[in-house]
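Chains X and S are the protein sequences, given in the same order.
Take the first sequence: its letters are residues 3 to 600, numbered as in my numbering.
Take the second sequence: its letters are residues 3 to 600, numbered as in my numbering.
Read the hints as simulated data drawn from the structure, not as lab findings.
A portion of the hints provided could be inaccurate.
Since the list gives no way to pick out one identical chain from another, each pair is judged satisfied if it fits inside one copy or across any two copies.
Claimed, not checked - Derived DSS-like pairs: lysine-lysine, alpha-carbon spacing no greater than 25 Å straight-line:
#1 Lys212 / Lys177
#2 Lys192 / Lys305
#3 Lys518 / Lys480
#4 Lys24 / Lys410
#5 Lys101 / Lys206
#6 Lys491 / Lys513
#7 Lys379 / Lys308
#8 Lys383 / Lys48
#9 Lys305 / Lys397
#10 Lys480 / Lys513
#11 Lys573 / Lys383
#12 Lys526 / Lys480
#13 Lys38 / Lys513
#14 Lys571 / Lys584
#15 Lys491 / Lys480
#16 Lys110 / Lys593
#17 Lys215 / Lys593
#18 Lys356 / Lys591
#19 Lys513 / Lys486
#20 Lys397 / Lys513
#21 Lys588 / Lys356
#22 Lys39 / Lys24
#23 Lys356 / Lys518
#24 Lys518 / Lys305
#25 Lys48 / Lys24
Number of protein chains: 2
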Amino acid sequence: MITRFITRPLIKIYSHMEESIKFRTGLFINNTLTHKKEEFIPIQGKTVKWYICGPTVYDSSHLGHARAYVTFDYMRRIMEQYFGYDVRFATNITDIDDKIIQRSNELKEDFSTFARRWELDYLEDMAKLNIKPATQFTRVSENIPEIIKFIQKIKDNGFAYEVNSSVYFDIEKYKAAGHLYGKLEPNASKSLELLEEGEGALSKGVETEKKCKADFALWKKSKEGEPKWESPWGMGRPGWHIECSTVIDVDFAKAPIDMHSGGIDLKFPHHENEIAQSEAFYNTKDWCRVFLHTGHLEIDGKKMSKSLKNFTTIKEILKHYEGVHLRYLFLLHRWDTTFNYVTSALEEAVAKHKQFSEFLLNYQVIQRSTGINRLQKFITKDFDLENALSDSKEKIHAALCDNFDTPKTLDLLSALVIKANAYMSNNTDIKVHLLQSVASYVEHILDSFGCILPLKQQDSELTSALLNVICEFRTQVKANAADKAALFKLCDQIRDTTLPEVGVRIEDTGKSCIWKIVGKEEAKKAVEEPKKDKAKAVKEVVLAAEFFLRQTEKYSKFDTDGVPTHDIKGKELSEEQRNGLKKKMKSLKEKEAKKKSS
Amino acid sequence: MITRFITRPLIKIYSHMEESIKFRTGLFINNTLTHKKEEFIPIQGKTVKWYICGPTVYDSSHLGHARAYVTFDYMRRIMEQYFGYDVRFATNITDIDDKIIQRSNELKEDFSTFARRWELDYLEDMAKLNIKPATQFTRVSENIPEIIKFIQKIKDNGFAYEVNSSVYFDIEKYKAAGHLYGKLEPNASKSLELLEEGEGALSKGVETEKKCKADFALWKKSKEGEPKWESPWGMGRPGWHIECSTVIDVDFAKAPIDMHSGGIDLKFPHHENEIAQSEAFYNTKDWCRVFLHTGHLEIDGKKMSKSLKNFTTIKEILKHYEGVHLRYLFLLHRWDTTFNYVTSALEEAVAKHKQFSEFLLNYQVIQRSTGINRLQKFITKDFDLENALSDSKEKIHAALCDNFDTPKTLDLLSALVIKANAYMSNNTDIKVHLLQSVASYVEHILDSFGCILPLKQQDSELTSALLNVICEFRTQVKANAADKAALFKLCDQIRDTTLPEVGVRIEDTGKSCIWKIVGKEEAKKAVEEPKKDKAKAVKEVVLAAEFFLRQTEKYSKFDTDGVPTHDIKGKELSEEQRNGLKKKMKSLKEKEAKKKSS
Numbered sequence: 003m004i005t006r007f008i009t010r011p012l013i014k015i016y017s018h019m020e021e022s023i024k025f026r027t028g029l030f031i032n033n034t035l036t037h038k039k040e041e042f043i044p045i046q047g048k049t050v051k052w053y054i055c056g057p058t059v060y061d062s063s064h065l066g067h068a069r070a071y072v073t074f075d076y077m078r079r080i081m082e083q084y085f086g087y088d089v090r091f092a093t094n095i096t097d098i099d100d101k102i103i104q105r106s107n108e109l110k111e112d113f114s115t116f117a118r119r120w121e122l123d124y125l126e127d128m129a130k131l132n133i134k135p136a137t138q139f140t141r142v143s144e145n146i147p148e149i150i151k152f153i154q155k156i157k158d159n160g161f162a163y164e165v166n167s168s169v170y171f172d173i174e175k176y177k178a179a180g181h182l183y184g185k186l187e188p189n190a191s192k193s194l195e196l197l198e199e200g201e202g203a204l205s206k207g208v209e210t211e212k213k214c215k216a217d218f219a220l221w222k223k224s225k226e227g228e229p230k231w232e233s234p235w236g237m238g239r240p241g242w243h244i245e246c247s248t249v250i251d252v253d254f255a256k257a258p259i260d261m262h263s264g265g266i267d268l269k270f271p272h273h274e275n276e277i278a279q280s281e282a283f284y285n286t287k288d289w290c291r292v293f294l295h296t297g298h299l300e301i302d303g304k305k306m307s308k309s310l311k312n313f314t315t316i317k318e319i320l321k322h323y324e325g326v327h328l329r330y331l332f333l334l335h336r337w338d339t340t341f342n343y344v345t346s347a348l349e350e351a352v353a354k355h356k357q358f359s360e361f362l363l364n365y366q367v368i369q370r371s372t373g374i375n376r377l378q379k380f381i382t383k384d385f386d387l388e389n390a391l392s393d394s395k396e397k398i399h400a401a402l403c404d405n406f407d408t409p410k411t412l413d414l415l416s417a418l419v420i421k422a423n424a425y426m427s428n429n430t431d432i433k434v435h436l437l438q439s440v441a442s443y444v445e446h447i448l449d450s451f452g453c454i455l456p457l458k459q460q461d462s463e464l465t466s467a468l469l470n471v472i473c474e475f476r477t478q479v480k481a482n483a484a485d486k487a488a489l490f491k492l493c494d495q496i497r498d499t500t501l502p503e504v505g506v507r508i509e510d511t512g513k514s515c516i517w518k519i520v521g522k523e524e525a526k527k528a529v530e531e532p533k534k535d536k537a538k539a540v541k542e543v544v545l546a547a548e549f550f551l552r553q554t555e556k557y558s559k560f561d562t563d564g565v566p567t568h569d570i571k572g573k574e575l576s577e578e579q580r581n582g583l584k585k586k587m588k589s590l591k592e593k594e595a596k597k598k599s600s
Numbered sequence: 003m004i005t006r007f008i009t010r011p012l013i014k015i016y017s018h019m020e021e022s023i024k025f026r027t028g029l030f031i032n033n034t035l036t037h038k039k040e041e042f043i044p045i046q047g048k049t050v051k052w053y054i055c056g057p058t059v060y061d062s063s064h065l066g067h068a069r070a071y072v073t074f075d076y077m078r079r080i081m082e083q084y085f086g087y088d089v090r091f092a093t094n095i096t097d098i099d100d101k102i103i104q105r106s107n108e109l110k111e112d113f114s115t116f117a118r119r120w121e122l123d124y125l126e127d128m129a130k131l132n133i134k135p136a137t138q139f140t141r142v143s144e145n146i147p148e149i150i151k152f153i154q155k156i157k158d159n160g161f162a163y164e165v166n167s168s169v170y171f172d173i174e175k176y177k178a179a180g181h182l183y184g185k186l187e188p189n190a191s192k193s194l195e196l197l198e199e200g201e202g203a204l205s206k207g208v209e210t211e212k213k214c215k216a217d218f219a220l221w222k223k224s225k226e227g228e229p230k231w232e233s234p235w236g237m238g239r240p241g242w243h244i245e246c247s248t249v250i251d252v253d254f255a256k257a258p259i260d261m262h263s264g265g266i267d268l269k270f271p272h273h274e275n276e277i278a279q280s281e282a283f284y285n286t287k288d289w290c291r292v293f294l295h296t297g298h299l300e301i302d303g304k305k306m307s308k309s310l311k312n313f314t315t316i317k318e319i320l321k322h323y324e325g326v327h328l329r330y331l332f333l334l335h336r337w338d339t340t341f342n343y344v345t346s347a348l349e350e351a352v353a354k355h356k357q358f359s360e361f362l363l364n365y366q367v368i369q370r371s372t373g374i375n376r377l378q379k380f381i382t383k384d385f386d387l388e389n390a391l392s393d394s395k396e397k398i399h400a401a402l403c404d405n406f407d408t409p410k411t412l413d414l415l416s417a418l419v420i421k422a423n424a425y426m427s428n429n430t431d432i433k434v435h436l437l438q439s440v441a442s443y444v445e446h447i448l449d450s451f452g453c454i455l456p457l458k459q460q461d462s463e464l465t466s467a468l469l470n471v472i473c474e475f476r477t478q479v480k481a482n483a484a485d486k487a488a489l490f491k492l493c494d495q496i497r498d499t500t501l502p503e504v505g506v507r508i509e510d511t512g513k514s515c516i517w518k519i520v521g522k523e524e525a526k527k528a529v530e531e532p533k534k535d536k537a538k539a540v541k542e543v544v545l546a547a548e549f550f551l552r553q554t555e556k557y558s559k560f561d562t563d564g565v566p567t568h569d570i571k572g573k574e575l576s577e578e579q580r581n582g583l584k585k586k587m588k589s590l591k592e593k594e595a596k597k598k599s600s
């Protein structure tokens, strides 16, 4: 059954801008708070106040982080670029935490230097994954006075108590006041193991201070060697959950907010406790309207864990793949279901990316070479493609409205591209304007998914890099104008370090030099190992639907399924020949489907 | 009073894709057919079947053409990129027409070669104005058999008659069947002068063939020296209006279509007669839902005409201005009202374009140079800018919903940019992620208006050029390594000649330098006319709100209105000083308002 949008009836023309009006696009989202898929309607106008838990910075980000951040990034882009919401996206960096203290102490490194180092590492990964930075971005350490005030108010409201210079949240009082503890996790109070884990490794042994086992720390007394701040309860530091509740209040100032999100592992106890704190702080039962949690991530059918040695970091994967491949990996699976990562899934992502970028590149070639001198009146095949485009637009709109169904969207987009490829392959009578409409739509959707075309992005980056090189070079030449040796060194440096770093290879040819854009790896290799063999070709996965379309040395025309109809000389194939090819295609598709489901 | 949209209530989840559902965005459009501003709702899903009359190709396109084509281009982009409609945009080229025949005969040139030459001229102009090509684009000459069939059916339906190998539309029969002749122009039947003009210069003398003066030609008997095609009524050629009715049928196959558009001069008799023909053909009273007509264009208060010698071609204007300036010219005025063109209006357009592109360039400089090492927690001025952004988004949405109010949108966008400039000018504590949100929104709206930033387009070329610069520079530095003076000369040359030639402006800032991609003209100008004369040469219109913000040599901080609060040394201004400056600002704004309304 397909979630299909939307009537938007009862138009009213308002004379007062102040009047509160609802912005409805027909988008339905799976809301973990209400445990159902429901229509999303912002609280105020088109504005979406959305908070996403940032990382605790003490180690490299892994595939689980990648899934959460990529997912919420493409959702945000779809909401902004496709649906037209005004998303106010806020996040934090948890730079005070038990794990940070432990690790930095082990390394005898100042805890804040340590945290800032891993923050940079995280931001580097995010940039490589093309994650759009949050509009509001702040660190827990920048918000200590606000955290203390937040705790004080919870205490004043009667939902917290102080013991031995620590402050705990009082679950029983909270429940007694009519709040529900367990909005996200119905078994909340009983999940003591998770609750304890959430309290942090350094809190072992203080359980006896609590009135009730489910109570959790808002403020922790600091021991020797732990960072500490002054507070009404003595020197200490904030608990984990209170950090996010406070930052959200700093960011958005009042309840309710529209959306809150994170990986599924944050659902309990972290988000459950955030809800408790914020409801206690605002004295409300309506703090946040929608919670989003990405599904579990498994590796080869098992939970990712360090003990299983299947803990894969983003950096590890980016050694062999591009950021955009990881993005397709997640786009190809529904965001809120368990995702079992197997290596072949990444190969599928690579193939999908290649399918789209090849199409757009081929379109560009046609656009450069095909004029409109010939007959421009549409004939059947033109109408077929135009109708396929309109049909894709309607169906993709319905898929995106249905809880961001990106895998379905990519399937539909693939089918459209296959049709457009077939259209291009009969390269007499191409209507280039029609093809432009298809290409610009494909580009629009991919752009809304954050799968920016490498060409454009790399171009701008490269341009910036080159201009920086020129500016720096000019400056250095002026500064060293009296030192011949230094100038020659500068010139070598540009050839051997600066430009390879941006993917450009310089070759000195006697009196002058030439350049080639070859990519970073290639350019560096050229300096390190002058004449070694090129890297092995990437093993390419050919989609069944494209199997024949690529055999342009054998066939000249194809039907809409991509099965050949004419040989290379333009002769129509016999019924028998075509049936043979159809059989082959069918068997390829079956193999593909089998591989996909396994 | 502001047209404010929209509640979109009564969500329904359909299990059948087939069910007909309305796509409503809250967009209201001035519909010339119903003579009122009304909500636009596509007939089917998100699809908008839209036809726009292309040109009769016999001369250069003029400012009136520019207005119509630019207007419908930005409307189309807004509908596609901003509102998310699926626009099926179709157009034609009128390459058979009395004027074409006359002119080509005068030149003793084959009429179709002649027409194709002017078609190319027109397409060249459109490309320079960044008009997105229609998905469907066909020539009248490609549709002769369809035109004959179309006329035959009108005749079969009883609404046309043959006289002396010509066929005429029968207005009286049409009216008698209950159709309204005069849907667009209530005085239709009485406007005989315009009707006659519409019949073409070569039809003089055949009026007596008609049953009624208001009848118009569907098929014209060809005389000696006129192009001709075989038909059931003898050798002849199509009338003007029938061409569009037929092409629309070829493009969209059935009535009704969603939209039809053209300049106001096409409203009567051309569009009126198209309605009559198509209603007669389909036997319907519901052929096209919305007609759009751009307002009149006057030059210095007078109608544009060749006899007044105020007939300005697009090419003439593009000698002195860029395509994007013409686009802003029209965006700065409501599309459906009379536009009185005065030269200063173009200067205003230049200033507006400059304001936005400078903002985006300055943002890019900040983005390259500003990290996030400092405190990232939002303080009041950050929240102010974020709120200004949200507020602009709401108001711009309302303006675009209100019959494409682009002048208001640009005013609101300007106000936002002024605030962002003030924010950037206090360059301690800039939150670069927040600024990115503002810049990307400004870019999104300008992109929806077709005011593409040159950056993206020129990137690839630029990359090559820059790499050439680096190679050449390296070579020269090596060759001149012993000659200090020569090296300095080289550095100046790169700043003053090489890089301006590729559109890059280098600004030396003491010990280092920064770069801006500004386009060739601008970069060269910056070198040729050093600081003082610059203002004169460009004759820039400084907006009152920016008057002080530009005086960065005098003031260092400003309030949100752009009034200085601190002098260049960082000292706060006195109450008295600030009041003086506020007075000055007030008087400037009053002058500005006066000038605008006059």
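Hints, one by one, checked against the model:
For the identical chains of this complex, lysine 212 and lysine 177 are intra-copy neighbours only, at 16 Å inside a copy versus 90 Å across copies, given an alpha-carbon limit of 25 Å. For the identical chains of this complex, lysine 192 and lysine 305 are intra-copy neighbours only, at 23 Å inside a copy versus 82 Å across copies, given an alpha-carbon limit of 25 Å. Proximity of lysine 518 to lysine 480 under the C-alpha cut-off of 25 Å is restricted to the inter-copy arrangement: shortest distance 21 Å between copies versus 27 Å within a copy. In this homomeric assembly, lysine 24 and lysine 410 come within 25 Å of each other (Cα to Cα) only across copies, at 23 Å, whereas the closest approach inside a single copy is 28 Å.
Taking the closest pair of Cα atoms, lysine 101 and lysine 206 come within 25 Å of each other only inside a single copy of the chain (13 Å); across copies the shortest separation is 93 Å, beyond that limit. Both within a single protomer and between protomers do lysine 491 and lysine 513 lie at most 25 Å apart by alpha-carbon distance, with minima of 17 Å and 20 Å respectively. In this assembly of identical chains, the alpha carbons of lysine 379 and lysine 308 never lie at most 25 Å apart, being 63 Å within a copy and 34 Å across copies at closest. When the C-alpha separation of lysine 383 and lysine 48 is checked against a cutoff of 25 Å, the pair qualifies only between copies, where the shortest distance is 23 Å, while the shortest distance within a copy is 41 Å.
In this homomeric assembly, lysine 305 and lysine 397 never come within 25 Å of each other (Cα to Cα): the closest approach is 35 Å inside a single copy and 48 Å across copies. For a Cα distance limit of 25 Å, the shortest separation of lysine 480 from lysine 513 qualifies both inside one copy, at 22 Å, and across copies, at 10 Å. When the C-alpha separation of lysine 573 and lysine 383 is checked against a cutoff of 25 Å, the pair qualifies only within one copy, where the shortest distance is 19 Å, while the shortest distance between copies is 71 Å. Taking CA atoms no more than 25 Å apart as the test, lysine 526 paired with lysine 480 passes between copies only; the shortest distance there is 23 Å, against 28 Å inside one copy.
For the homomeric pair lysine 38 and lysine 513, neither the shortest alpha-carbon distance inside one copy (62 Å) nor that between copies (61 Å) is at most 25 Å. In the homo-oligomer, the alpha carbons of lysine 571 and lysine 584 lie at most 25 Å apart inside one protomer (20 Å), although the nearest pairing across protomers, at 79 Å, exceeds that limit. Taking the shortest alpha-carbon separations for lysine 491 and lysine 480, both the intra-copy value of 14 Å and the inter-copy value of 10 Å come in at or below 25 Å. In the homo-oligomer, the alpha carbons of lysine 110 and lysine 593 never lie at most 25 Å apart, since the shortest distance is 55 Å inside one protomer and 66 Å across protomers.
In this homomeric assembly, lysine 215 and lysine 593 never come within 25 Å of each other (Cα to Cα): the closest approach is 54 Å inside a single copy and 71 Å across copies. When the C-alpha separation of lysine 356 and lysine 591 is checked against a cutoff of 25 Å, the pair qualifies only within one copy, where the shortest distance is 19 Å, while the shortest distance between copies is 55 Å. For the homomeric pair lysine 513 and lysine 486, the shortest alpha-carbon distances inside one copy (17 Å) and between copies (20 Å) are both at most 25 Å. Within a single copy, lysine 397 and lysine 513 get their C-alpha atoms no closer than 44 Å, and across copies no closer than 57 Å, so neither meets the 25 Å cut-off.
For the homomeric pair lysine 588 and lysine 356, the shortest alpha-carbon distance inside one copy (23 Å) is at most 25 Å, but the shortest distance between copies (58 Å) is not. Taking identical chains as interchangeable, the C-alpha atoms of lysine 39 and lysine 24 lie at most 25 Å apart whether they share a chain (19 Å) or sit on different chains (22 Å). For the homomeric pair lysine 356 and lysine 518, the shortest alpha-carbon distance inside one copy (13 Å) is at most 25 Å, but the shortest distance between copies (34 Å) is not. Proximity of lysine 518 to lysine 305 under the C-alpha cut-off of 25 Å is found in neither arrangement, the shortest distances being 42 Å within a copy and 50 Å between copies.
Both within a single protomer and between protomers do lysine 48 and lysine 24 lie at most 25 Å apart by alpha-carbon distance, with minima of 8 Å and 20 Å respectively.
Of the hints listed earlier, those the structure fails to meet are numbers 7, 9, 13, 16, 17, 20, 24, in rising order.
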